[in-house]
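Based on these hints, arrange chain B on the given structure of chain A.
Chain order of the listed sequences is A and B.
FYI, the numbering used here numbers position 397 of the first sequence as 411, with every residue one higher than the one before it.
FYI, the numbering used here numbers position 229 of the second sequence as 243, with every residue one higher than the one before it.
Accuracy of the hints is not assured; some may be wrong.
Claimed, not checked - To give an idea of the chain A side of the interface with chain B (calculated C-beta under 7 Å), a few residues:
#1 Gln88
#2 Glu129
#3 Ile134
#4 Ala290
#5 Asn359
In short, the hints are calculated from the structure, not lab data.
Backbone N, C-alpha and C fix where the C-beta goes; we use that ideal spot for every residue, glycine too.
Protein chains: 2
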Amino acid sequence: MTNQGNNLDRWYDSYAQRTAGLAASEVRALFAVASRPEVVSLAGGMPFVSALPRDLVTGAMERVMRENGPVALQYGSGQGAPMLREHILEVMALEGIRGSVDDVVVTTGSQHALELVSKIFLDPGDVVLAEGPSYVTAMVVFKSFQAQVEHVATDDDGLVPAALRERIARLKADGKRIKFLYTVPTFSNPSGVTLSWERRLEVLEIARSNGILVLEDNPYGLLYFDSPPPHAMRSVEEEGVVYLGTFSKTLAPGFRVGWALAPHAIREKLILANEAAVLSPSSFTQLIISEYLSTADWRGQIDTFRNVYRERRDAMLQALGDYLPDLSWTVPHGGFYVWLKLPDNIDSKSMLPRAVKELVAYTPGTAFYANGDGRNFMRLAFCYPTPDFIREGIRRLSTVINGELELLNTFSQTSPLATIRPEHNNISPPANLG
Amino acid sequence: MTNQGNNLDRWYDSYAQRTAGLAASEVRALFAVASRPEVVSLAGGMPFVSALPRDLVTGAMERVMRENGPVALQYGSGQGAPMLREHILEVMALEGIRGSVDDVVVTTGSQHALELVSKIFLDPGDVVLAEGPSYVTAMVVFKSFQAQVEHVATDDDGLVPAALRERIARLKADGKRIKFLYTVPTFSNPSGVTLSWERRLEVLEIARSNGILVLEDNPYGLLYFDSPPPHAMRSVEEEGVVYLGTFSKTLAPGFRVGWALAPHAIREKLILANEAAVLSPSSFTQLIISEYLSTADWRGQIDTFRNVYRERRDAMLQALGDYLPDLSWTVPHGGFYVWLKLPDNIDSKSMLPRAVKELVAYTPGTAFYANGDGRNFMRLAFCYPTPDFIREGIRRLSTVINGELELLNTFSQTSPLATIRPEHNNISPPANLG
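Isolated chain A, as found in the complex (with noise of 0.2 Å):
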């Protein structure tokens, strides 16, 4: 329960025992910081939307009003509207997805279809396994239910198989009811890693053998710099995974139209939940972008945002380079996120106002855990400043970091700490997130 104003609040003795779980992410006090013009923000992850052509959207929604308006200000089917969810086993085929469009759920936005899987799966005291570090706002939903997440290790190649095995097995022996592993394996957040082909195999094995579902969420997929990422893990799994798939990065959050695949009962709960929630899913936003994918190139549209996102990830570890070259990182092959790791004893949430003071904003890594734990890391997010902005913002935060780390050494002379100087032309490694 939030404690401000108890007194003032009538209702306060009437909330449900869930609410007490309900409590504002760090990252959303950040959203007013990082709205300030003058602030290089490296904190929110908003897509850039400017590289969508704007009369993509005009022309096909003024297609749908003319051909369609009555259906397109209609309400819908709870489940979403049958075009639109076979054009999304389209993009699912991409990486390698074969469903039928009757186990797909189009949901309010991904973030969505993560409540209504956790409204039907999860009661108090259930047990969610995550990596460590994971996306902040789901285990936001999932303690809203009263669930209890727990952190799986990590290194640069995702989840680490003999980490989930043994956590499952303690838990087991606690008495645990473990309903699923909430997973977003490809081009993380906030990591920026991605599970390898051979551990999506040994994760999955893992999960079956242990009754437990896999929840796959994936909005970075299709964001690839490279070479592209290894196939989506539903895509070997069909009966223990509930994918999770958005338009918020290929095409625009501004919709909130994402979507779930699930097996035929766990889809017949969820479109049941659907509908008690919204009703349907906006038939309008549906509607267009479903016209979208119909007549425009979507695909180019997609290499348009990478190339995008490769240019400023790129610009990001080139000024990690240059400005903390002692310090690690994460390298992304695609995605919006760095995970960069600090010297041990520097907290990046107590450091954060005097970041935002000298103008650059991050989200500290305790964000992303549950338990307390990423004290010493943040998310660097290069999705939406330009280029410039963001070797600016870098530079900006090896000054926060030095005057951090002075700081220290001058009220702790225990330890020996030397101040990480700016070098040039000098990319670290990936850092182990083990």
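Okay, now just chain B, sitting in the frame of chain A:
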């Protein structure tokens, strides 16, 4: 838990307990039936969106994309777009409501506000009070959070205060925890009746003195046909009411934009719940509606809708008087619905297949009760079909009802039942629903 296909569902034992409460509503199955063009559907509550000039929507959208494209395509605030919230205050002012833009939370249709309020308030076993009959998909939401719906009797002036007092006393004596009173006080779904002004004050006083929150759901208030209805309950009580509104009936449901106006502390929790559920409502549809409200004669458009629905209400009342003069029904002064009372021994749900065979559909009364009541009632929606189709639908319905009565007369000689014969120009007085 749905019983179908347990053996086929490998995840059957994994669902949350609340999922047992997520059953397909009776209205849901009807949407499939109603979509066949040869059936006159008096079942679904679909607004007649064709009365909205297409260019009003297209023009607003073009301006939004031209002037504000990157904002419309981006994630927004979990509370909703500030300018739209300003407009929402103007809309609510028409029903006597004064509030702060800070206390409005935009949701994915007002249905999602119902879901969010339920999520933050309802623990398993909690009681929600609701009119008998009440809106079906609200009850689906309450039950999906394992709450118990308790009906309070209504008559032609809405909720009966004495019945409300008595019900609260009895539930409290039983040790029940009553979380809120859910009410559609104006042009109720399904009964079409309106809570009188005197009773609004009395119901608010009863709620206040018992520490019970009022959830005032008002989708139809601006769609009055005769004189304006009493002001909203929220107009005289701020701290004890969460008010829900929507653009689904005054504009179009395809946008999925509604809202809650809530006391400060509750509003804060609604925002957090909204962020967890969908990150933010659609910027794209919010900005289009905001632009529409800024530039179009939206009050004139509501008058257009009023005129369309008034004509249809009149057609339905006329046809009921002509074809089913011996039955009784409510006379709505706004909204979408008439509530028809059948002879006691007719079960409207079991009669439905025969009605569909006669090419007319309605919603059985039991859909609007959580306890099996309403067997000999039905909801007739006049919002969507043209007056001619409404008249033809009621003619077909009279054939079905007469056939049902003949059947009952044939098989049950114990109770002497007269067949109701169509007579003309004889509109019955309002039914008493008490």
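Okay, the hints, checked on the actual structure:
Look at Gln88(A): its Cβ gets to within about 5 Å of chain B, closer than 7 Å, so that hint holds up. With 7 Å as the threshold, the beta carbon of Glu129(A) comes within range of chain B, its nearest partner Cβ sitting at about 5 Å, so the hint holds. Interface restraint check: Ile134(A) against chain B, minimum CB-CB distance 5 Å, threshold 7 Å, status holds. About 5 Å separates the beta-carbon of Ala290(A) from the nearest beta-carbon of chain B, less than 7 Å, and the hint is met.
Because the smallest distance between the Cβ of Asn359(A) and any Cβ of chain B comes to about 33 Å, over 7 Å, the interface hint for this residue is violated.
Hint check: a violation occurs at hint 5 only; the rest are consistent with the structure.
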